[in-house]
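**Student:** This is what each chain is made of:
There are 2 protein chains.
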Amino acid sequence: MGLKAQDDKTMVALMFETAWNGREAYEDLQWLCENTKGRISGTAQAAVAVDFTNQVLSDLSLDSVWRQEVWVKHWERGAAEQALILSKSKGEIKVPVSALGLSVSTDKDGLKAQIVEVQSFEELKLLGREKIQGKIVFFNRPMNQSGFDTFAAYGGAVNQRTQGPAEAAKYGAIGCLVRSLSSELDDYPHTGVTRYEEDGPKIPAVMISTNGSELLSALLKEEPELMFWFKTSCENLPEVLSYNVVGELQGSEFPDEVVVVGSHLDAWDTGEGAHDNGGGCIQAIEVLRIFKKLGIVPRHTIRAVMFMDEEIAQRGAQVYASEAEKNGERHLAGFESDRGVMTPRSLAVSTDQARFSKVALWQPLFEPYGISIVKRGGGGADVNPIRSSSPDMVLMGLIPDFQRYFRYHHSANDTFDKVDRREMQAGSAATAALIYLTDKYGL
Amino acid sequence: MGLKAQDDKTMVALMFETAWNGREAYEDLQWLCENTKGRISGTAQAAVAVDFTNQVLSDLSLDSVWRQEVWVKHWERGAAEQALILSKSKGEIKVPVSALGLSVSTDKDGLKAQIVEVQSFEELKLLGREKIQGKIVFFNRPMNQSGFDTFAAYGGAVNQRTQGPAEAAKYGAIGCLVRSLSSELDDYPHTGVTRYEEDGPKIPAVMISTNGSELLSALLKEEPELMFWFKTSCENLPEVLSYNVVGELQGSEFPDEVVVVGSHLDAWDTGEGAHDNGGGCIQAIEVLRIFKKLGIVPRHTIRAVMFMDEEIAQRGAQVYASEAEKNGERHLAGFESDRGVMTPRSLAVSTDQARFSKVALWQPLFEPYGISIVKRGGGGADVNPIRSSSPDMVLMGLIPDFQRYFRYHHSANDTFDKVDRREMQAGSAATAALIYLTDKYGL
Chain R
1160 MGLKAQDDKT
1170 MVALMFETAW
1180 NGREAYEDLQ
1190 WLCENTKGRI
1200 SGTAQAAVAV
1210 DFTNQVLSDL
1220 SLDSVWRQEV
1230 WVKHWERGAA
1240 EQALILSKSK
1250 GEIKVPVSAL
1260 GLSVSTDKDG
1270 LKAQIVEVQS
1280 FEELKLLGRE
1290 KIQGKIVFFN
1300 RPMNQSGFDT
1310 FAAYGGAVNQ
1320 RTQGPAEAAK
1330 YGAIGCLVRS
1340 LSSELDDYPH
1350 TGVTRYEEDG
1360 PKIPAVMIST
1370 NGSELLSALL
1380 KEEPELMFWF
1390 KTSCENLPEV
1400 LSYNVVGELQ
1410 GSEFPDEVVV
1420 VGSHLDAWDT
1430 GEGAHDNGGG
1440 CIQAIEVLRI
1450 FKKLGIVPRH
1460 TIRAVMFMDE
1470 EIAQRGAQVY
1480 ASEAEKNGER
1490 HLAGFESDRG
1500 VMTPRSLAVS
1510 TDQARFSKVA
1520 LWQPLFEPYG
1530 ISIVKRGGGG
1540 ADVNPIRSSS
1550 PDMVLMGLIP
1560 DFQRYFRYHH
1570 SANDTFDKVD
1580 RREMQAGSAA
1590 TAALIYLTDK
1600 YGL
Chain Z
1160 MGLKAQDDKT
1170 MVALMFETAW
1180 NGREAYEDLQ
1190 WLCENTKGRI
1200 SGTAQAAVAV
1210 DFTNQVLSDL
1220 SLDSVWRQEV
1230 WVKHWERGAA
1240 EQALILSKSK
1250 GEIKVPVSAL
1260 GLSVSTDKDG
1270 LKAQIVEVQS
1280 FEELKLLGRE
1290 KIQGKIVFFN
1300 RPMNQSGFDT
1310 FAAYGGAVNQ
1320 RTQGPAEAAK
1330 YGAIGCLVRS
1340 LSSELDDYPH
1350 TGVTRYEEDG
1360 PKIPAVMIST
1370 NGSELLSALL
1380 KEEPELMFWF
1390 KTSCENLPEV
1400 LSYNVVGELQ
1410 GSEFPDEVVV
1420 VGSHLDAWDT
1430 GEGAHDNGGG
1440 CIQAIEVLRI
1450 FKKLGIVPRH
1460 TIRAVMFMDE
1470 EIAQRGAQVY
1480 ASEAEKNGER
1490 HLAGFESDRG
1500 VMTPRSLAVS
1510 TDQARFSKVA
1520 LWQPLFEPYG
1530 ISIVKRGGGG
1540 ADVNPIRSSS
1550 PDMVLMGLIP
1560 DFQRYFRYHH
1570 SANDTFDKVD
1580 RREMQAGSAA
1590 TAALIYLTDK
1600 YGL
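Residue numbers (this note's numbering), protein chains in the order written: chain R, 1160 to 1602; chain Z, 1160 to 1602.
Hints listed in this document are in silico derivations from the structure and should not be mistaken for laboratory results.
A hint or two may mislead.
Unchecked claim - To give an idea of the interface, some chain Z residues facing chain R are shown, with a C-beta separation under 8 angstroms as derived from the structure:
| id | residue |
| --- | --- |
| 1 | 1313 |
| 2 | 1342 |
| 3 | 1485 |
| 4 | 1486 |
| 5 | 1488 |
| 6 | 1527 |
| 7 | 1560 |
| 8 | 1563 |
| 9 | 1566 |
| 10 | 1575 |
| 11 | 1579 |
| 12 | 1582 |
| 13 | 1585 |
What the hints assert, rightly or not - In silico DSBU-like cross-links for lysine-lysine, where the CA-CA straight-line distance does not exceed 30 angstroms:
| id | chain 1 | residue 1 | chain 2 | residue 2 |
| --- | --- | --- | --- | --- |
| 14 | R | 1284 | R | 1380 |
| 15 | R | 1361 | R | 1168 |
| 16 | Z | 1168 | Z | 1249 |
| 17 | R | 1168 | Z | 1534 |
| 18 | Z | 1290 | Z | 1232 |
| 19 | R | 1380 | R | 1247 |
| 20 | R | 1361 | R | 1294 |
| 21 | R | 1168 | R | 1485 |
| 22 | R | 1452 | Z | 1599 |
| 23 | R | 1249 | R | 1232 |
| 24 | R | 1534 | Z | 1534 |
| 25 | R | 1534 | Z | 1168 |
| 26 | R | 1380 | Z | 1168 |
| 27 | Z | 1485 | Z | 1232 |
Backbone N, C-alpha and C define an ideal beta-carbon position, used for all residues, glycine too.
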């Protein structure tokens, strides 16, 4: 079937109309959030999320829907963490903490020691083993609030979480506390993966809420010798078989040339993974739904992928990339959305100048929706590996209004009610439109 | 004091830094929301809001802080409304309704009648008195979801609320139900003012939640004769003395030339008025706080105004404008923020081409914050009347990302937790920067 010839402006408007008037995507996200809360890879919830998105894609009557086997690490948090500031003057004060992903647990009685507060690895080095040995290192460098780009602020603070415990252990620390990577002062401890060095010591590591960090830091100024106790019971378990979920519309002219749009299906276990990144998965599915609703038969194969295990080891990304290579597929473009599903501000198209100039001609089509096309920020951890077999692949992505994203990210605060339907669907439509134009004109 | 000469780019960056690193504004908004919930004009809560903002302004050590007497209408909702769909097949079904501001109440036993559902005044006219007499008219035209501009969608539906009851009464309707002006399907009945014709009949009028509207409409298709019952106990009481609250930094060179930045302090009684428009008031105050923190001594007088009674009769706006006229003040610019306090997308500067061209030169200063300067959308109900004595006054305003605004607007859903500190403070800084440049370069 397909539509009769329509100009691009009309088609883009139709895509936004279709997205804003539709409710399926929002309802799918609600289901995912409510029924697969805590779906970090390896969990039973992740398996339900695989089945659910597989079913949603199947219900769209696409040309094919399938799953790709992915063996994933399986880390479980166990019982809720406990933590206490043990102050001589103030007594015992509970603070909210959350174990870091992949971290080892404390003994069953927990871990108790004095605190060494630092802002950086340089400071750690200056203090040296003498001051750190046998203590808990507390990384307390806040996210920088001064700039517009909250992702840059995150990037400037995240090494405390990813490398902090390993660094602290080098100087004999026996535990590690990391200030939550939140742009707000609140009581939500955030989480996220930490990476020990393979042959290095592994010490228990937790994030502490920003309010807890402020309190602890203030108390340490009064009483540098105060003690801190925390208890975790997380476990690293045997690997588990999981899946990427893929749905595609086959290209009518170039079935072996693929445009992929994807997001990660796994989400940190403390929250619902609404913005990070159930929403992005649902947007990828919605791109195909919009194509189907509008009767668009693409020239190239358009594929929506729910990648498993972005948060821990990117195993799903590796599997997808190696399958693509094995099957000799040429990937024209890889679109990844992993910055939340707030109102889209930009579409990132990262490629050489010649191809970017071509894409930049589409800019006027997005102006009625307040969206600009920019060069930086396309791709991501899930689609970038595809370039090993498709080196010319254009990296694309959605850049939403990210001012509030880091209040939610990797915490129990990342819930469905934080997602607005119109905001998310503006992103779905923008993605669909960019993919439509990419398919129509090539790259 | 004042700063040493700094270039504009540095000053704008300092303003954003100051806003994003500050917490006073966000905490003031939290206080206002928690302690003056329901502050529609004439209420005790509105009086507390006057005292509070007066105190916050006084604490800033401005050159002057004062109140302007404003006599306001006093409408009270009374006991919580009740409404039932009375279906022969489905029984009694409760639906959430909310009386419209200024509307008269039902009898103490409520009002029961059949329903006539319409989408427009034209449809009402076609049905005529014969079909409408003695019934409840149900206006059920949804906000258009298809476009980017949610304010345009609101504008396309709001006459059902403002004029619907008066129109329905002309054909003998005895009550009026209006679909909530929400962009979402949910259970929050919205509210807002309705205007009866002076000598026309006044019939009880309520808004019904969007979910309730969908349900009622579906049931009416099956059972057109179903009955509807609702009960309200709102009252129009004697007028009350209230106040605008004003704080100013006096101009060092042109004390009689004023740049005003304002918002309305009253808010609908069902919610906290966080986005509409406690946030805008707090942003206006924050502009002066930023000036003080940075030691800026303005050339012109900069004034923050909390206008009373925007929602019902704009009495505060009238008082402010007539005082300005009486005092022979020249207003250079009037900045109004009344579209919520989400991330700013544009600064509206509505003036003649010559002056707009001058202002447009400042565009590069706002680009690092994703903000464009546009011509349409400046001013608003509170500052526009000042033009009667300052006809050349430039109308300015903040245009935020408004995709989610109408989920909150005029409902119990407009609460503090819907406001993000970084989003709101980006608006505070953008406003401060535009006012700074206006003051520095004139207009």
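**Student:** Next step is simple, just say for each hint if it's right about the structure.
**Tutor:** Consistency of the hints with the structure:
no.	hint	in the structure
1	1313	violated, 13 angstroms
2	1342	holds, 6 angstroms
3	1485	violated, 42 angstroms
4	1486	violated, 40 angstroms
5	1488	violated, 36 angstroms
6	1527	holds, 6 angstroms
7	1560	holds, 5 angstroms
8	1563	holds, 4 angstroms
9	1566	holds, 7 angstroms
10	1575	violated, 13 angstroms
11	1579	holds, 4 angstroms
12	1582	holds, 5 angstroms
13	1585	holds, 6 angstroms
14	R/1284 / R/1380	holds, 21 angstroms
15	R/1361 / R/1168	violated, 56 angstroms
16	Z/1168 / Z/1249	violated, 65 angstroms
17	R/1168 / Z/1534	holds, 24 angstroms
18	Z/1290 / Z/1232	violated, 35 angstroms
19	R/1380 / R/1247	holds, 13 angstroms
20	R/1361 / R/1294	holds, 14 angstroms
21	R/1168 / R/1485	violated, 38 angstroms
22	R/1452 / Z/1599	violated, 54 angstroms
23	R/1249 / R/1232	violated, 41 angstroms
24	R/1534 / Z/1534	holds, 28 angstroms
25	R/1534 / Z/1168	holds, 24 angstroms
26	R/1380 / Z/1168	violated, 37 angstroms
27	Z/1485 / Z/1232	holds, 24 angstroms
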